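Spelled out from the first residue to the last, the chains are:
Protein chains: 2
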Amino acid sequence: MMTQLTNHPAWKALNDHHHEMRDLSLREELAHEGRFSDLSRVACGILFDFSKHLANKETINLLVDLAHAAKVDEMRAKMFAGVKINNTEDRAVLHTACRAPETAEVVVDDENIIPFVHQVLSQMEDFTHAVRSGEHKGYTDEAITDVVNIGIGGSDLGPRFVVEALQEDGSGPKVHFVSNVDGQDIASVLKKLKPETTLFVIASKTFATEETMLNAQMAKDWLLKSATTDAIPKHFVALSTNAKGVKDFGISLSNMFPFRDWVGGRYSLWSAIGLSISLAVGFDNFRKLLDGAHDMDQHFQNAEPKDNVPLLMGMLGVWYRNFYNYSAHLLLPYDVRMDKMAKFIQQMDMESNGKAVDREGHHMSYATGPLIFGEPGTDSQHSFMQWVHQSADVVPVDFMICKEPHHALAANHASLCANFLAQSRALALGQTLEEAKGDPSRVFTGNRPSTSIVLPKLSPYHLGALIAAYEHKVFVQGVVWGVNSFDQPGVELGKKLAKPIKEILEGRTPNAGMDSSTSHLINVLMPR
Amino acid sequence: MMTQLTNHPAWKALNDHHHEMRDLSLREELAHEGRFSDLSRVACGILFDFSKHLANKETINLLVDLAHAAKVDEMRAKMFAGVKINNTEDRAVLHTACRAPETAEVVVDDENIIPFVHQVLSQMEDFTHAVRSGEHKGYTDEAITDVVNIGIGGSDLGPRFVVEALQEDGSGPKVHFVSNVDGQDIASVLKKLKPETTLFVIASKTFATEETMLNAQMAKDWLLKSATTDAIPKHFVALSTNAKGVKDFGISLSNMFPFRDWVGGRYSLWSAIGLSISLAVGFDNFRKLLDGAHDMDQHFQNAEPKDNVPLLMGMLGVWYRNFYNYSAHLLLPYDVRMDKMAKFIQQMDMESNGKAVDREGHHMSYATGPLIFGEPGTDSQHSFMQWVHQSADVVPVDFMICKEPHHALAANHASLCANFLAQSRALALGQTLEEAKGDPSRVFTGNRPSTSIVLPKLSPYHLGALIAAYEHKVFVQGVVWGVNSFDQPGVELGKKLAKPIKEILEGRTPNAGMDSSTSHLINVLMPR
Numbered sequence: 001m002m003t004q005l006t007n008h009p010a011w012k013a014l015n016d017h018h019h020e021m022r023d024l025s026l027r028e029e030l031a032h033e034g035r036f037s038d039l040s041r042v043a044c045g046i047l048f049d050f051s052k053h054l055a056n057k058e059t060i061n062l063l064v065d066l067a068h069a070a071k072v073d074e075m076r077a078k079m080f081a082g083v084k085i086n087n088t089e090d091r092a093v094l095h096t097a098c099r100a101p102e103t104a105e106v107v108v109d110d111e112n113i114i115p116f117v118h119q120v121l122s123q124m125e126d127f128t129h130a131v132r133s134g135e136h137k138g139y140t141d142e143a144i145t146d147v148v149n150i151g152i153g154g155s156d157l158g159p160r161f162v163v164e165a166l167q168e169d170g171s172g173p174k175v176h177f178v179s180n181v182d183g184q185d186i187a188s189v190l191k192k193l194k195p196e197t198t199l200f201v202i203a204s205k206t207f208a209t210e211e212t213m214l215n216a217q218m219a220k221d222w223l224l225k226s227a228t229t230d231a232i233p234k235h236f237v238a239l240s241t242n243a244k245g246v247k248d249f250g251i252s253l254s255n256m257f258p259f260r261d262w263v264g265g266r267y268s269l270w271s272a273i274g275l276s277i278s279l280a281v282g283f284d285n286f287r288k289l290l291d292g293a294h295d296m297d298q299h300f301q302n303a304e305p306k307d308n309v310p311l312l313m314g315m316l317g318v319w320y321r322n323f324y325n326y327s328a329h330l331l332l333p334y335d336v337r338m339d340k341m342a343k344f345i346q347q348m349d350m351e352s353n354g355k356a357v358d359r360e361g362h363h364m365s366y367a368t369g370p371l372i373f374g375e376p377g378t379d380s381q382h383s384f385m386q387w388v389h390q391s392a393d394v395v396p397v398d399f400m401i402c403k404e405p406h407h408a409l410a411a412n413h414a415s416l417c418a419n420f421l422a423q424s425r426a427l428a429l430g431q432t433l434e435e436a437k438g439d440p441s442r443v444f445t446g447n448r449p450s451t452s453i454v455l456p457k458l459s460p461y462h463l464g465a466l467i468a469a470y471e472h473k474v475f476v477q478g479v480v481w482g483v484n485s486f487d488q489p490g491v492e493l494g495k496k497l498a499k500p501i502k503e504i505l506e507g508r509t510p511n512a513g514m515d516s517s518t519s520h521l522i523n524v525l526m527p528r
Numbered sequence: 001m002m003t004q005l006t007n008h009p010a011w012k013a014l015n016d017h018h019h020e021m022r023d024l025s026l027r028e029e030l031a032h033e034g035r036f037s038d039l040s041r042v043a044c045g046i047l048f049d050f051s052k053h054l055a056n057k058e059t060i061n062l063l064v065d066l067a068h069a070a071k072v073d074e075m076r077a078k079m080f081a082g083v084k085i086n087n088t089e090d091r092a093v094l095h096t097a098c099r100a101p102e103t104a105e106v107v108v109d110d111e112n113i114i115p116f117v118h119q120v121l122s123q124m125e126d127f128t129h130a131v132r133s134g135e136h137k138g139y140t141d142e143a144i145t146d147v148v149n150i151g152i153g154g155s156d157l158g159p160r161f162v163v164e165a166l167q168e169d170g171s172g173p174k175v176h177f178v179s180n181v182d183g184q185d186i187a188s189v190l191k192k193l194k195p196e197t198t199l200f201v202i203a204s205k206t207f208a209t210e211e212t213m214l215n216a217q218m219a220k221d222w223l224l225k226s227a228t229t230d231a232i233p234k235h236f237v238a239l240s241t242n243a244k245g246v247k248d249f250g251i252s253l254s255n256m257f258p259f260r261d262w263v264g265g266r267y268s269l270w271s272a273i274g275l276s277i278s279l280a281v282g283f284d285n286f287r288k289l290l291d292g293a294h295d296m297d298q299h300f301q302n303a304e305p306k307d308n309v310p311l312l313m314g315m316l317g318v319w320y321r322n323f324y325n326y327s328a329h330l331l332l333p334y335d336v337r338m339d340k341m342a343k344f345i346q347q348m349d350m351e352s353n354g355k356a357v358d359r360e361g362h363h364m365s366y367a368t369g370p371l372i373f374g375e376p377g378t379d380s381q382h383s384f385m386q387w388v389h390q391s392a393d394v395v396p397v398d399f400m401i402c403k404e405p406h407h408a409l410a411a412n413h414a415s416l417c418a419n420f421l422a423q424s425r426a427l428a429l430g431q432t433l434e435e436a437k438g439d440p441s442r443v444f445t446g447n448r449p450s451t452s453i454v455l456p457k458l459s460p461y462h463l464g465a466l467i468a469a470y471e472h473k474v475f476v477q478g479v480v481w482g483v484n485s486f487d488q489p490g491v492e493l494g495k496k497l498a499k500p501i502k503e504i505l506e507g508r509t510p511n512a513g514m515d516s517s518t519s520h521l522i523n524v525l526m527p528r
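Order-wise, the sequence lines are chains A and B.
Be aware that the first sequence starts at 1, since it is given in my numbering, and climbs by one per residue.
Be aware that the second sequence starts at 1, since it is given in my numbering, and climbs by one per residue.
In short, the hints are calculated from the structure, not lab data.
A hint or two may mislead.
It does not matter which identical chain is used: a pair holds within one copy or between any two.
For lysine-lysine, the following DSSO-like pairs were computed, each having C-alpha atoms within a straight-line distance of at most 27 Å [stated by the list, open to error]:
id: 1; residue 1: Lys340; residue 2: Lys191
id: 2; residue 1: Lys502; residue 2: Lys403
id: 3; residue 1: Lys306; residue 2: Lys78
id: 4; residue 1: Lys192; residue 2: Lys340
id: 5; residue 1: Lys437; residue 2: Lys288
id: 6; residue 1: Lys191; residue 2: Lys403
id: 7; residue 1: Lys174; residue 2: Lys194
id: 8; residue 1: Lys57; residue 2: Lys191
id: 9; residue 1: Lys437; residue 2: Lys340
id: 10; residue 1: Lys12; residue 2: Lys194
id: 11; residue 1: Lys191; residue 2: Lys174
id: 12; residue 1: Lys340; residue 2: Lys495
id: 13; residue 1: Lys403; residue 2: Lys496
id: 14; residue 1: Lys191; residue 2: Lys495
id: 15; residue 1: Lys495; residue 2: Lys437
id: 16; residue 1: Lys496; residue 2: Lys191
id: 17; residue 1: Lys71; residue 2: Lys192
id: 18; residue 1: Lys192; residue 2: Lys174
id: 19; residue 1: Lys174; residue 2: Lys340
id: 20; residue 1: Lys457; residue 2: Lys499
id: 21; residue 1: Lys192; residue 2: Lys457
id: 22; residue 1: Lys499; residue 2: Lys191
id: 23; residue 1: Lys244; residue 2: Lys57
Bear in mind the structure is a predicted one, so any value in this text is a computation, not a measurement.
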């Protein structure tokens, strides 16, 4: 709905409602027994408790009105149907097609892409089986014990998060991740491995990403210290769209797993980019991850707006970002296996909606995507939670926990659950001067909002559903704010400016034409 | 300077100056050749380039005036002298004494504490030597190969960051870290280890921290599956002040490394809490870490205000937080070994200055500590940097890099340096519509400030100096805002509320007296 957003009656109604809500006390609201059932929802077996938000049923109705006015439903239908909603790059947005059943039909440029999706899935299934069974052998005829995923950004964070989250389902080779161009990253991984039992998965859509290709080259050099070039096809596979680049590198095209331009990097773990997940936990578990995500897709498309979890998550974010002016959002999984979740969602959300202009190229007059951060609880309670409780800035929180742990330590799990519950309760209710026994430094204002999310357990299915819920949340917000959530011009600017600086640092051009700071810093950093 | 802060002439002068600076263009400023030398500083061999800030010499002068008006120098003298500036807990603040030379004298409660500091350092040196040489043996007479540090918050994040940062100096046993009460944390570490060659370092000031004691108990149970209780003194040491608790656990008092209440958790890596650092990299390297920090202490105490790096870092933070209303601060080390830096500084800064009331107990009318976040570059360029370049929210950045890497991969390092330089340049200069060839989605406003920090290399000495610079930065800001940076009432509220919930979850009391949300969530999470 773009530039007229703040002039729309649905926006104005929320503005009026926001003024009425100024006196809302969560302590009073939560004293009503019915509040939990009024404001909690279930999707794909996951509980989302919205009852600790600065919201009531009226708020939900008005937020749903705004979503409708912003044509979220229309845009959602376009996305699932393969319309090219990534307008600056003229691309469809179809990570959802990667998890659609074989019977589905999604047409892009006159082709039903579902057979392609399932053909790649078959290729992944066969290769996963070959590696995990030991049938695929290295150049000394030994089985593969270690996999190194070399990719960056979207080709790294999704698989890295999921492989760690599903560690208890890990039964195949150990999977390592290398992303950074800092040579230390690959050096410290390689020194633990043996070339004859290591498989490199090179993940780069273009097969030209600077970091990834430098690291892939290093990996090849390392292999070739002990092997001949015949070994390359046994130790390297590619997740890419660039067949020529893959072939030139020495990788067999039968070991190239393709994907298409309708899968964006930060939404790509469901595509060929998920190969390292499949290798780590087995293809059946990878399939369950896709199934969970697909069920959340169905929920997002079919549930009534007032019961639609990704829609509500997204609209509550708009409520806080634009009406309360809260500028950040915190993720707190009470589960160490979800250590990388905040890092992964940080990319998904901030790269998608951290934009300055709307889809029509107008500079926006309102704030868009928030700053996303987070760490697992209870660690964070001994770190930045002091700030979350008492800072001048209020930050809405998503608390997450699994009802069933994968271990048998009952005392630990009871303590984890108690802390999970105590933090959201403390944020909502605060502590009065009387409760603080007259000590003003222990007064907490309360009224700090949060969602509590309870997964039955950290199964591939539930993890897939949870990730898809966040993807759709980001989508909903992008539509309301009128941004294209699927491009990333800021990434390209950095690449453009790095090129001439690298030429100077490598002595290929003189240090000229730079600003005062850059020019002097180049002198400092120039190798002697 | 407390409640009168915003009425002070120095504050008002900055306010006026802020209005004058509204039209400042970093693109124009950085075109002047002299800007780098005017606005960059060196401390302990580390370069801090402040020339890409929304500041000129006049800004620096006015910020120094405000620091003086807020009596930063007076408070600094009190801190170093052992005055009890942690007023709510009636404690001195003397992490600086942990790195002072033997000849120093710092008196607390009529005792010169320096001999105590050096006695503990000797004890750490001897024990480190015994473990690393193999002289200290496990219950089967084998040497120690693995150390597990069990602690949380301040007893975890500092050592965890430093051990990883100095990984290239690692030559002793492999050090692992367990912090979270989630049983998965310790379970996944223990399954890689053998009890007969594992040493547990239990880090808890009170020896009563819930998470730490649950995990320590699990470690003991694990050892006692294969050993008798005689083995405990060989496999457990304690970093604590609670001799009775340590003895009751079965740890020999000669293996208890003490510290005192004048070392706060988030400032404690220089004390006995640093034992796991010393075990990982050797005592000589630990000593160099202390030396670097001590040299930064000297710089902070003696350098002229306009050349005083921690003072300038702190005051530039005040400038952005209170005059520009920027609410977050980003740390971007271009070095994968510094992966945990943001997490560590996040605790140090947010737990220290994320407060609602000043030292006199008055609710503050101005914002205090910012939200701290970060990840290593270049990874972050493929993640949230899009948002940093184009979001409505401006976030000042600290970029960090080492001139000399620890590896020999020249192409990787040149690429790393080029990207490091390109990002701060892109943030400062932006990209005009003309440079973007008329595409509005590629327009960047620029004027986004950053500090570039260049370390000669990631040596223990320079790392110690860098950490101390951040400690003093946080101190300076706390003094200006008038908060006690050394307590953490928000941590205690969570503990207080968790207790009754845990009793309900364990079936010891009925589910009564809770709010609607908590009560229903307890029912969901109750074990069947």
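Which hint numbers doesn't this structure obey? When the structure is compared with the hints, numbers 5, 8, 9, 10, 14, 16, 17, 22, 23 turn out to be violated.
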